[in-house]
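Visitor: Given these sequences and hints, build the entire structure.
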Amino acid sequence: MAKLVKSTRWRPANPGGGSSGVPVECEETGECGLAKRAYFYQEILAYRLAKAVNLNVPEVRLEKFDGKDVAFSISWGEMSFDIPKLKRDYPEEYVSPAMEAGRKQASGLLALHAWVGNVDDQKDDHVVVRPGIEAYVYELASVDFAAAFQPGRLAADIAVTGPPMLIDRTYCDKAILDLAVSAIEALTDEKITDIVHGIESGILSLDDKKRIVECLIARKGKLRSAFTAAGWLP
Amino acid sequence: MHKGRIVRRAYVEYQPNLQHPQEPIPFGVLAEENSNHERRVVIVGREPKSSVPGLSLDNLWGPFRASITDWIEILDRNVVAALAEIPDSESLVDQLAMQWNANVYIRQPETMELASQRDSLMRYAKRWYGSYVGEPFERRTVKRKPATKTSSSVHRRTAPLWLIREQGFEARA
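If you read the protein sequences in the order shown, they are chains D and C.
Each residue of the first sequence is one higher than the last, beginning at 21 in this note's numbering.
Each residue of the second sequence is one higher than the last, beginning at 131 in this note's numbering.
Hints listed in this document are in silico derivations from the structure and should not be mistaken for laboratory results.
Careful: at least some of the hints might be erroneous.
Label-pair restraints from in silico Cβ distances [unchecked claim]:
(1) GLY152(D) x GLU168(C): 45 to 55 Å
(2) ALA214(C) x LEU226(D): 50 to 60 Å
(3) ALA195(D) x PHE299(C): 40 to 50 Å
(4) LYS71(D) x GLU168(C): 46 to 56 Å
(5) ILE223(D) x PHE299(C): 24 to 34 Å
Just so you have them, the derived chain C footprint on chain D, three or more residues with Cβ under 8 Å [as the list claims (entries may be wrong)]:
(6) 98-109
(7) 196-202
(8) 225-234
Think of the CB as a built atom: it goes at the ideal place given N, C-alpha and C, for glycine as much as any other residue.
Guide: This is the structure:
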């Protein structure tokens, strides 16, 4: 584990409370991001699962800050901001064809939210946007999975869920959503087990790992029918 | 008990790379004085108007570029919107600091006690700007140094690097 220090090069005001995090830098790599002291196994596991199915969630790693374990959530690109800022400061961009394309391209994130049971506290503050390699290409990502993997949620029926800007059917590309569901379905049970059991010991008990593995395997088989029943997939 | 005037002040700065940060670039000051049912807010800052070295503006487009080159105009709009709805008891600087947390961000606001009853908030803000940015506030564009002669012996036109701006707001409760 690398050591994190409070950032002296990016120092926005501290909102305090919740799982918002402290701006930090990694001493080894120079990377910048937020250190979150709560819900960190959820953040790390959601990132690793998202990566396995090629969905946009900024990297989150377990690191040390002030002598304690934290989830180090690395910034989404050199330049990025959250959706409320885009809506507030550039309302014409929020309704632009480029952003419409970006929202459609992010449709697959709905499959991830549904799969990991990230039902509560869904808001557009938890969607970040960065410029793509080409001009006027927006790349969206989901952050904050603090509410995911809860026993009650994972054991319950799958709910189609997501931040308001993504859960809008007008901006959902069914083909992209279908691809994401297929990618989750294609994850082998062994791979899911490896990812969950790969979470560092001490931040998630063995019993919880077993419970999560069991639920994720069961839910991947029900994901398509849940989206179909709700009218999101044909 | 406070004897002087109480002001909330915060610096605005820019970090070009949130993944591998460099030294932040000072942009300006936001300050607020709220007394006798009257709220004064001032912005004093500088906007880059061309390719200032180190700002990594060249490949940016749309809102990502505008968030840097037009930050005072954007903050101005945010102040106007916030003034219309903020309760008397709350700090507008604190509220905006919560929203400005990207590449261009507002640092943690601090409380200042001003000794002078005579100097305006704007005057104080210009002094703070000068200390923070390292150049005195002068409402003019800062020019590039004249280019050296090119091979065809033509001088390039000088282009403005920064636009220095001030904005003041007053609202009665």
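Visitor: For the region 196-202 of chain D, count the residues whose Cβ lies under 8 Å from any Cβ of chain C; is that count three or more?
Guide: Our answer is that it is violated, as 0 residues pass the Cβ test (under 8 Å) against chain C, missing three.
Visitor: Do three or more residues of the region 98-109 of chain D come closer than 8 Å to chain C, measuring C-beta to C-beta?
Guide: Our answer is that it holds, as 10 residues pass the Cβ test (under 8 Å) against chain C, meeting three.
Visitor: Quick check: do three or more residues in the region 225-234 of chain D have a beta carbon closer than 8 Å to a beta carbon of chain C?
Guide: violated (count 0)
Visitor: Take a look at whether the Cβ-Cβ distance between ALA214(C) and LEU226(D) falls inside 50 to 60 Å.
Guide: Roughly 54 Å apart at Cβ, these two residues keep to the hinted range, so it holds.
Visitor: Does 46 to 56 Å hold as the CB distance between LYS71(D) and GLU168(C), or does it fail?
Guide: holds, 53 Å
Visitor: Is 45 to 55 Å right for how far apart the beta carbons of GLY152(D) and GLU168(C) are?
Guide: holds, 46 Å
Visitor: For ILE223(D) and PHE299(C), compare the CB-CB distance with the range 24 to 34 Å and indicate the outcome.
Guide: violated, 47 Å
Visitor: Please test the hint of 40 to 50 Å on the beta carbon pair from ALA195(D) and PHE299(C).
Guide: Roughly 49 Å apart at Cβ, these two residues keep to the hinted range, so it holds.
In terms of the numbered hints stated before, the structure departs from hints 5, 7 and 8, listed from lowest to highest.
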